[in-house]
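Colleague: Let the sequences and hints guide you as you build the complete structure.
Mapped onto mature numbering (1 follows the signal peptide of the UniProt record, and there is no 0), the consecutive letters of the sequence shown carry residue numbers -20 to -1, 1 to 311.
For the record, the hints were derived by calculation from the structure and aren't laboratory data. No residue lacks a Cβ here, since even glycine has one placed at the ideal position from N, Cα and C. Treat each hint with caution, since some may be false.
Claimed, not checked - DSS-like, lysine-lysine: derived pairs with alpha carbons at most 27 Å apart:
| id | residue 1 | residue 2 |
| --- | --- | --- |
| 1 | 183 | 134 |
| 2 | 252 | 238 |
| 3 | 134 | 85 |
| 4 | 236 | 202 |
| 5 | 238 | 287 |
| 6 | 252 | 183 |
| 7 | 287 | 202 |
| 8 | 252 | 134 |
| 9 | 283 | 183 |
| 10 | 287 | 252 |
| 11 | 311 | 283 |
| 12 | 202 | 283 |
| 13 | 311 | 252 |
| 14 | 202 | 252 |
| 15 | 85 | 183 |
| 16 | 287 | 236 |
| 17 | 238 | 202 |
| 18 | 183 | 311 |
| 19 | 134 | 202 |
| 20 | 85 | 73 |
| 21 | 183 | 202 |
| 22 | 236 | 283 |
| 23 | 238 | 183 |
| 24 | 287 | 311 |
| 25 | 238 | 283 |
As the list claims (entries may be wrong) - Ranges of calculated distance between the beta carbons of each label pair, as one might list FRET restraints:
| id | residue 1 | residue 2 | range |
| --- | --- | --- | --- |
| 26 | 32 | 182 | 34 to 44 Å |
| 27 | 92 | 264 | 49 to 59 Å |
| 28 | 146 | 183 | 49 to 59 Å |
| 29 | 159 | 65 | 30 to 40 Å |
| 30 | 78 | 279 | 33 to 43 Å |
| 31 | 188 | 137 | 43 to 53 Å |
| 32 | 96 | 184 | 49 to 59 Å |
| 33 | 266 | 198 | 20 to 30 Å |
| 34 | 4 | 146 | 49 to 59 Å |
| 35 | 29 | 92 | 55 to 65 Å |
| 36 | 153 | 41 | 16 to 26 Å |
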Amino acid sequence: MKKWLSIVSLFVITFVKAQACEVDLSDGVGPTTLSIPSQTITIDAAAQTSTTVPVYSYDSSLQSTRISYINCLNGTPLGKSPYNLGPQDTSTKLYPTSVPGIGLKLRWNNASAFGDFPSEGAMSFPSPMGRFIYSVGSYFRIELYKTQPTVSLKNPDGDILLPPGDIAYNWVLINNISHYAQKLNIGQILVVSTPACTFNNNKVVDFGLVTAADLAAGGIEKDLNFDITCQSDYGNYSATAAISTNTPSADNQYIKVKDSAGNSDRLGIEIKDSQGQLMLLDGSTREQLTNIVANTPATFHWKAHLKPTAGVLHPANGDFTAQAEIILQTK
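Modeller: Okay, structure coming up:
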């Protein structure tokens, strides 16, 4: 009789499913939001246009504790993406802002070097699986560029350049903000512009030949006209003028004049504004011109009145001099 011996070998394979490329909270922190607080930036109306030199840049808070991903396979995708921004000009890497003529560039620093947005890559390890780390000290940067000679602004207190919210993120596995490792949240960014102005730094008033009869009749009045011309991103501008001197009278109502003998108590020069009002020589009285169209002059029509100040005493024959400083402010 034959006996058959059957041996059944049972091979049991147990699969342990590991989560692919997950955050290791025992070796760091989870996905992190880095921030830039609300800002009001100031640009000059005459600032040069550029897509390589920013008019403003600001860095986010730093990554204070590393973010560590484990069980990551070679080739696991990762990258950097914008969020809630308009289409990028790929030639300049600039994104639009709410103000045409001002562009935004997003950058990220891994604690040693910068990279621009967007980007996509793959993890690379010497073995089939590895650990990927977002380093301590990594951060985001925003850069703003003036891309048009004139930008159109409306609110002198600040036009909204970027609203508050999330605007960028680094991602792992899937390009979606729900898979962010780091993201950038900003406060509201406003922009204001300062006029760029030109004017004549020196103004000379020549009273010519002054006689005793002129002084006896109350003195001589001459025009003191001056102007300032400003480029403005608001379409118009305002200019304010005041005047001061190092040699005022005790009541600040006239400039003391020094004659050829060194006397400064015999002649004075009063300054009157375009309405004929006396200007105090300590800079405290001002004349303002408003709603001047950009790139057209704001002209002040003042008067300089030379008068005697010492009764019967006359100044010495010869040249006399006096100096004052006109103070101009624009907005």
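Colleague: Does each hint hold? Answer for all of them.
Modeller: Hints versus structure:
| no. | hint | result |
| --- | --- | --- |
| 1 | 183 - 134 | 34 Å, violated |
| 2 | 252 - 238 | 20 Å, holds |
| 3 | 134 - 85 | 24 Å, holds |
| 4 | 236 - 202 | 17 Å, holds |
| 5 | 238 - 287 | 13 Å, holds |
| 6 | 252 - 183 | 16 Å, holds |
| 7 | 287 - 202 | 12 Å, holds |
| 8 | 252 - 134 | 34 Å, violated |
| 9 | 283 - 183 | 13 Å, holds |
| 10 | 287 - 252 | 13 Å, holds |
| 11 | 311 - 283 | 25 Å, holds |
| 12 | 202 - 283 | 6 Å, holds |
| 13 | 311 - 252 | 23 Å, holds |
| 14 | 202 - 252 | 10 Å, holds |
| 15 | 85 - 183 | 45 Å, violated |
| 16 | 287 - 236 | 10 Å, holds |
| 17 | 238 - 202 | 18 Å, holds |
| 18 | 183 - 311 | 23 Å, holds |
| 19 | 134 - 202 | 40 Å, violated |
| 20 | 85 - 73 | 6 Å, holds |
| 21 | 183 - 202 | 13 Å, holds |
| 22 | 236 - 283 | 16 Å, holds |
| 23 | 238 - 183 | 18 Å, holds |
| 24 | 287 - 311 | 35 Å, violated |
| 25 | 238 - 283 | 20 Å, holds |
| 26 | 32 - 182: 34 to 44 Å | 38 Å, holds |
| 27 | 92 - 264: 49 to 59 Å | 56 Å, holds |
| 28 | 146 - 183: 49 to 59 Å | 55 Å, holds |
| 29 | 159 - 65: 30 to 40 Å | 18 Å, violated |
| 30 | 78 - 279: 33 to 43 Å | 36 Å, holds |
| 31 | 188 - 137: 43 to 53 Å | 48 Å, holds |
| 32 | 96 - 184: 49 to 59 Å | 55 Å, holds |
| 33 | 266 - 198: 20 to 30 Å | 27 Å, holds |
| 34 | 4 - 146: 49 to 59 Å | 24 Å, violated |
| 35 | 29 - 92: 55 to 65 Å | 31 Å, violated |
| 36 | 153 - 41: 16 to 26 Å | 25 Å, holds |
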